[in-house]
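Engineer: Residue-level listing of the chains:
Protein chains: 4
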Amino acid sequence: MTLEELSARQRAFSEARAWGPWHTPKNLVMALTGEVGELTELFQWLTPEEAATAAEDPALRPRIDDELADVLLYLVRLADVLGVDLIEAANAKIDRNETRFPPGVGRTALEK
Amino acid sequence: MTLEELSARQRAFSEARAWGPWHTPKNLVMALTGEVGELTELFQWLTPEEAATAAEDPALRPRIDDELADVLLYLVRLADVLGVDLIEAANAKIDRNETRFPPGVGRTALEK
Amino acid sequence: MTLEELSARQRAFSEARAWGPWHTPKNLVMALTGEVGELTELFQWLTPEEAATAAEDPALRPRIDDELADVLLYLVRLADVLGVDLIEAANAKIDRNETRFPPGVGRTALEK
Amino acid sequence: MTLEELSARQRAFSEARAWGPWHTPKNLVMALTGEVGELTELFQWLTPEEAATAAEDPALRPRIDDELADVLLYLVRLADVLGVDLIEAANAKIDRNETRFPPGVGRTALEK
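Those sequence lines, one after another, are chains G, V, C and H. Just so you know, we're using our numbering here: the first sequence kicks off at 1 and counts up by one. Just so you know, we're using our numbering here: the second sequence kicks off at 1 and counts up by one. Just so you know, we're using our numbering here: the third sequence kicks off at 1 and counts up by one. Just so you know, we're using our numbering here: the fourth sequence kicks off at 1 and counts up by one.
No lab work stands behind these hints, which were simulated from the structure alone. Be aware that a few hints might be false.
[Claimed, not checked] Listed below are the simulated DMTMM-like cross-link pairs for lysine to aspartate or glutamate, each with C-alpha atoms no more than 20 Å apart in a straight line:
| hint | chain 1 | residue 1 | chain 2 | residue 2 |
| --- | --- | --- | --- | --- |
| 1 | V | 93 | C | 85 |
| 2 | H | 93 | H | 80 |
| 3 | H | 93 | G | 41 |
| 4 | G | 93 | G | 80 |
| 5 | G | 93 | V | 66 |
| 6 | G | 93 | V | 5 |
| 7 | H | 93 | C | 38 |
| 8 | G | 93 | V | 4 |
| 9 | C | 93 | H | 66 |
| 10 | G | 93 | G | 15 |
| 11 | V | 93 | G | 5 |
| 12 | G | 93 | V | 15 |
| 13 | C | 93 | H | 15 |
| 14 | G | 93 | V | 88 |
| 15 | H | 93 | C | 66 |
| 16 | V | 93 | V | 4 |
| 17 | H | 93 | C | 80 |
| 18 | V | 93 | G | 41 |
| 19 | C | 93 | H | 88 |
| 20 | H | 93 | H | 38 |
| 21 | C | 93 | H | 49 |
| 22 | H | 93 | C | 88 |
| 23 | H | 93 | C | 41 |
| 24 | V | 93 | G | 66 |
| 25 | V | 93 | V | 80 |
| 26 | V | 93 | G | 50 |
| 27 | C | 93 | C | 4 |
| 28 | V | 93 | G | 98 |
| 29 | G | 93 | V | 49 |
| 30 | C | 93 | H | 38 |
| 31 | H | 93 | C | 95 |
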């Protein structure tokens, strides 16, 4: 399934529940913050080593999947409401990043 | 382009810059927070009406595209590092939501 | 009670539970994100009018108090771990803002 | 200076700029997210060791002070707009935490 198809599925889901009036850009940006907060809570007390293998932990994995899904779903819904093509925007951003961050320079470039 | 192809492009971009050691789950979760913060800053002082048409504002639109792209790119990178299939996780979440939120009940369901 | 005294109380609380090794700057920044996410969830689906009187809602008020408290407590803990005097830093910031934002110009200044 | 006095100073600053109409609870929660995002960006690519001594880095310290101040200032403004006494709420929360988290049990309690 493409991201566009996922977006259409999520839109149909919202329309069937008459959530349109609540799915405003400001509300969806806030919902995205809430979900990133929940995702962060899964990782905040883990050591870097534990975090690196968190997805292999059978108790943690479903919660990670769930929170990553929630972040994606609100992001896709927000982009849909705003009329933004996420894949196109992301590719345009990588195009720009290829100029901004020349290959091979390590963290220096990351910190720009 | 599928989300999987975008993820592969983003992975190649990171590898060419030797960013692997910094692209740990905890760091990427933090980077996601940073980008959601930047996205939020674009909307925080807008009225609901202004926010609804923000994507039609020629000065604002490129910044919205840019921040939505950054959120998606770090999300895709994080899922890749963790070995999670985002599209699969998101569909599984909608499947569950179809049971959790019966259609037609408006905001009551949203607040669960 | 001053903020400094609250910080000392919070530090003693953490020390009694041997949480020092987990209260690193990165972990505490993440914990702050988690709490801001929980606070955001209380407001995200409210209309602006509902949000304006949310603190008068007897069901919502204890949850608002609770999340505002959690944000403050992690902020105070983080500043303590970093050795930053929050009141001093905040006053220095208002001093600078008095120069950056001349009085009387409304939202224009906000958007700087 | 007490937190209450800082809040009064911040309120006077906002009133002199006629920011009241924009300082709604939802907008201020979003502004808090934006500032936590900026704070997070200072720490996201640091190793745990670098983060532990970040406040001693003369280039980083003013930026840390600045972002911690911004988080506190929006938190204080939000609490003021909502009519919440932050110090009282935080003490009530520590009181509850003393029951929820018995001393001496390490990270187990943190993860509750």
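Engineer: Against the 20 Å threshold, does the CA-CA distance of residue 93 (chain V) and residue 98 (chain G) hold or violate the hint?
Structural biologist: 34 Å, violated
Engineer: Verify the proposed pairing of residue 93 (chain C) with residue 4 (chain C), using a straight-line Cα cut of 20 Å.
Structural biologist: Given pair residue 93 (chain C), residue 4 (chain C) holds - Cα atoms ~18 Å apart, limit 20 Å.
Engineer: Residue 93 (chain V) and residue 50 (chain G): Cα distance at most 20 Å?
Structural biologist: With Cα atoms ~25 Å apart, residue 93 (chain V) and residue 50 (chain G) exceed 20 Å; violated.
Engineer: Quick one, are residue 93 (chain H) and residue 80 (chain H) close enough, alpha carbons at most 20 Å?
Structural biologist: Roughly 18 Å separates the two Cα atoms, so the pair holds.
Engineer: Please verify whether residue 93 (chain G) and residue 88 (chain V) have alpha carbons no more than 20 Å apart.
Structural biologist: 25 Å, violated
Engineer: Has the given pair, residue 93 (chain V) with residue 41 (chain G), been kept, meaning a C-alpha gap of at most 20 Å?
Structural biologist: 19 Å, holds
Engineer: When you check the alpha-carbon spacing of residue 93 (chain V) and residue 66 (chain G), does it fall within 20 Å?
Structural biologist: 7 Å, holds
Engineer: Quickly compare the C-alpha distance for residue 93 (chain C) and residue 66 (chain H) to 20 Å and report which way the hint goes.
Structural biologist: It holds: about 7 Å lies between the C-alpha atoms, which stays within 20 Å.
Engineer: Please work out if residue 93 (chain C) and residue 49 (chain H) have their alpha carbons no farther apart than 20 Å.
Structural biologist: 28 Å, violated
Engineer: Check whether the Cα positions of residue 93 (chain G) and residue 15 (chain V) lie no farther apart than 20 Å.
Structural biologist: At roughly 17 Å apart (the allowed maximum being 20 Å), residue 15 (chain V) and residue 93 (chain G) satisfy the hint.
Engineer: Does residue 93 (chain H) pair with residue 38 (chain H) here, judged by a C-alpha cut-off of 20 Å?
Structural biologist: 27 Å, violated
Engineer: Does the alpha-carbon distance linking residue 93 (chain H) and residue 66 (chain C) stay inside the 20 Å limit?
Structural biologist: Roughly 7 Å between the alpha carbons, so the hint for residue 93 (chain H) and residue 66 (chain C) holds.
Checked against the numbered hints above, the structure violates hints 1, 10, 14, 19, 20, 21, 22, 26, 28, 29 and 31; every other hint is satisfied.
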